[in-house]
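Trainee: Those protein sequence lines, which keep their order, are chains L and G.
All letters in the first sequence, in the order written, are residues 12 to 406 by the working numbering.
All letters in the second sequence, in the order written, are residues 12 to 406 by the working numbering.
Keep in mind the hints are simulated off the structure, nothing from the lab.
Even for Gly, the Cβ is constructed at its ideal location relative to N, Cα and C.
Watch out, some of these pointers could steer you wrong.
[Unchecked claim] Which chain L residues stay away from chain G? Per the calculated CB distances, all over 12 angstroms, these:
#, residue
1, Leu-177
2, Arg-202
3, Pro-250
4, Ala-270
5, Ala-282
6, Cys-327
[As the list claims (entries may be wrong)] Simulated restraints, written as ranges between beta carbons of each label pair:
#, chain 1, residue 1, chain 2, residue 2, range
7, L, Asn-164, G, Glu-104, 47 to 53 angstroms
8, G, Ala-69, L, Asn-164, 30 to 36 angstroms
9, L, Ser-39, G, Lys-64, 30 to 36 angstroms
10, L, Pro-322, G, Ala-94, 24 to 30 angstroms
11, G, Ala-69, L, Leu-36, 45 to 51 angstroms
Number of protein chains: 2
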Amino acid sequence: MNSLFADRIADVPQSFIREILKVTLDPSIISFAGGLPNRQLFPVQGLQQATDKVFATAGQEVLQYANSEGYLPLRELIAKRYAEKQGLDINPEHILITTGSQQGIDLLGKVLLNRNDHMIIEEPGYLGAIQAFSLYRPQFLPIPVDEKGMDLNQLEMTLSTTQPKLMYTVPNFQNPSGISYSEENRQQCARLLEKKKLYIIQDDPYADLCFVSQTKTSFRKLLPEKTVLLGSFSKTVAPSLRIGWLIAPPPLMEKLLVAKQAADLHTNYLAQRIIYQFLCDNDLDQHIRTITSAYGAQKDAMVASIRRYFPEGVQCTNPDGGMFLWVTLPKGVSAMELFEHALAAKVAFVPGNPFYINADDTNTLRLNFSCMDIPTIEEGIKRMANAIKQLLSAQ
Amino acid sequence: MNSLFADRIADVPQSFIREILKVTLDPSIISFAGGLPNRQLFPVQGLQQATDKVFATAGQEVLQYANSEGYLPLRELIAKRYAEKQGLDINPEHILITTGSQQGIDLLGKVLLNRNDHMIIEEPGYLGAIQAFSLYRPQFLPIPVDEKGMDLNQLEMTLSTTQPKLMYTVPNFQNPSGISYSEENRQQCARLLEKKKLYIIQDDPYADLCFVSQTKTSFRKLLPEKTVLLGSFSKTVAPSLRIGWLIAPPPLMEKLLVAKQAADLHTNYLAQRIIYQFLCDNDLDQHIRTITSAYGAQKDAMVASIRRYFPEGVQCTNPDGGMFLWVTLPKGVSAMELFEHALAAKVAFVPGNPFYINADDTNTLRLNFSCMDIPTIEEGIKRMANAIKQLLSAQ
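Excised from the complex, chain L in its bound form (with noise of 0.2 angstroms):
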């Protein structure tokens, strides 16, 4: 029955990433590989009195099937939240809530993409949205990304020869590589991107994760038309409650509308009333704070015993939030075979070629930071450093 299967499936790239969260089950092993907030920062408490209230105030309406859009109080405070946190201007009806923003990722793919249609994504990207949007097979333009963000000169070239549909950014704290486009390389971006026919998608997780003062420039801000923003509780409430949201110019949200009742219907109501109940009567920027001080001195941690202990030549970036660092091994070391030798020191991260549209092996890897407590984080990086040593020496 295999040959009943559509050609988009054949086209997805395995998750490799599975494969190794299985690998790394063993407990003796310090995992650097998976990208899971901290559980024990989760507010539990809080949203256990949250959910009580909705229970006793709202129990059999909160049960019932709800409207596609999302509950609109709780649009509203996502909206009120971008006009205070970045200053823009946000109308609620332009908010769909989402089954956590990876269902945004599908939804805009499923109204915007036909094959081969081209697509800029980053690289590296984040692979969740590699996967989405292969199964809507468009032609991937891979533009590299960098510490200051996207290489402006291959955008331009890129851009002068093709005529993508959308292109699809992390520009805060990156999955994978934990780099923040600098203010001058967005002005830049918009500027090449403002005359050109495309929707922008800005996919932003992370961005409350922020271990500095200032926020950077939206693309919403520079090109509000053109861009289509991502946002989730999924890192800053709790992820298995699958609350997302995306914001889109109404003639797209209109369709992404019919998307998302042909794809759930809507979002579990319970769990967007749980939410909202939680913001009202909890200070969410108190506990964004534990979060990203936790968060940051762990990053602060991994990055000082990388310094310390890996060996010359191998490089990282020093995010200013989010949860994963990027490590450059030197030119021709394989991160594939690093992995193998890791594993054997008992340790483990994410090579990181499934973050590259067409890559077999890389000098790269993915490192996460925020699930382990600071002497387990030195730990991990010592095994790591020498797992390193050990591939060196044998070359």
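For this one, chain L is given, so just place chain G on it according to the hints.
Mentor: Then chain G, alone, in the frame of chain L:
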């Protein structure tokens, strides 16, 4: 920017029901147009107690990201119920928890349908399925259904002249018509289909809402290798939690899992745990008996009122379960025109046309009986009877 939309989104029928539901927000209108379970019967207390227990015993864990397949104990419990209720031997590993059974439909379309692939669909058929599959641009092959089940001549002819990849069927208490396939009709369908290379999707959201004593044979029993089962707790526990499931043979399941990850990573995990705890601590069958006893009495009252008040020549189905029945007006009488008269008489329903693949107007319509008490049903049917008489006398 409209020209940036993908071709697939142009083909999706507008949700006429959405528009109707807006009209019926007027509280003076008795609406048979909705498709909601009766909120008075939601097990609010049981779900609240289950939630408290889940938070108290696994607060941090239930807020974290979870696996894409779904909570294994919940899948085991679903498998156990299939064994007990329908004598079906289901491996829990072949169950995928979905964000409502609507998501199951979408994932199956994504994994199976290339553009212009043929697929069999019931006529009238479930609107949400027509909408979801339309996005993958198949050629629908509608087969009429009536109170015996599928039109076997038409099915045979269709199978001899086309090569459908998929058949979508709701053989128990169908939405919109309330009909169920007879035992003999199922056997005959299976005989016609058994040599064909296709998947049969049996969507079964209403299976438990059965007003009579015996359950009919599942296509999963008749054609196990070919059949995908969709199920849901939306009609038996609560819809807002969006917990459905999909049961598929292994090679298909592997592909569905890839599509599930791309769609929303995993189904709301807190909600999965709440439902599981609720099912452990409560007698679901007892709760279902409460629901079916209420819905059955409401259905009986509706059918009796129709027979008493509607003019001769108007017919209706008399469902053995579910939430809907189907009215057929005399030939040539327009349900769309009746809708206008009915609204003026302060009663609403859904005209039949959105449930057909290509129909601008029909002489059929859908009535929902799950949401109102018996006096309201009687009053609403009287109002409809007057509207019908008025329309007929004007012709």
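Trainee: Using the C-beta atoms of Ala-69 of chain G and Asn-164 of chain L, is the stated range 30 to 36 angstroms upheld?
Mentor: violated (51 angstroms)
Trainee: With respect to the beta-carbon atoms only, verify the hint that Pro-322 of chain L and Ala-94 of chain G lie 24 to 30 angstroms apart.
Mentor: violated (59 angstroms)
Trainee: Per the hint of 45 to 51 angstroms, is the separation of the Cβ atoms of Ala-69 of chain G and Leu-36 of chain L within bounds?
Mentor: violated (19 angstroms)
Trainee: Given a hinted range of 47 to 53 angstroms, is it respected by the beta-carbon distance of Asn-164 of chain L and Glu-104 of chain G?
Mentor: holds (50 angstroms)
Trainee: Does the claim that Pro-250 of chain L lies off the interface hold, with its Cβ farther than 12 angstroms from every Cβ of chain G?
Mentor: At about 5 angstroms from chain G, Pro-250 of chain L fails to clear the 12 angstroms cut-off, so the statement is violated.
Trainee: When you look at the beta carbon of Arg-202 of chain L, is every beta carbon of chain G farther off than 12 angstroms?
Mentor: holds (19 angstroms)
Trainee: Cys-327 of chain L: least C-beta distance to chain G exceeds 12 angstroms?
Mentor: Since the minimum Cβ distance to chain G is about 25 angstroms, Cys-327 of chain L lies beyond 12 angstroms and the statement holds.
Trainee: Going by Cβ atoms, does Ala-282 of chain L stay more than 12 angstroms from chain G at every point?
Mentor: Per Cβ check, Ala-282 of chain L is inside 12 angstroms of chain G; nearest 6 angstroms; violated.
Trainee: Could you tell me whether the CB distance from Ser-39 of chain L to Lys-64 of chain G stays inside 30 to 36 angstroms?
Mentor: holds (33 angstroms)
Trainee: If I take the minimum Cβ distance from Leu-177 of chain L to any residue of chain G, is it greater than 12 angstroms?
Mentor: Nearest chain G Cβ is 8 angstroms from Leu-177 of chain L, so the label is violated.
Trainee: Confirm or reject the statement that Ala-270 of chain L sits farther than 12 angstroms, beta carbon to beta carbon, from all of chain G.
Mentor: Ala-270 of chain L is in fact no farther than 12 angstroms from some Cβ atom of chain G, at 7 angstroms.
The structure shown violates the earlier hints numbered 1, 3, 4, 5, 8, 10, 11.
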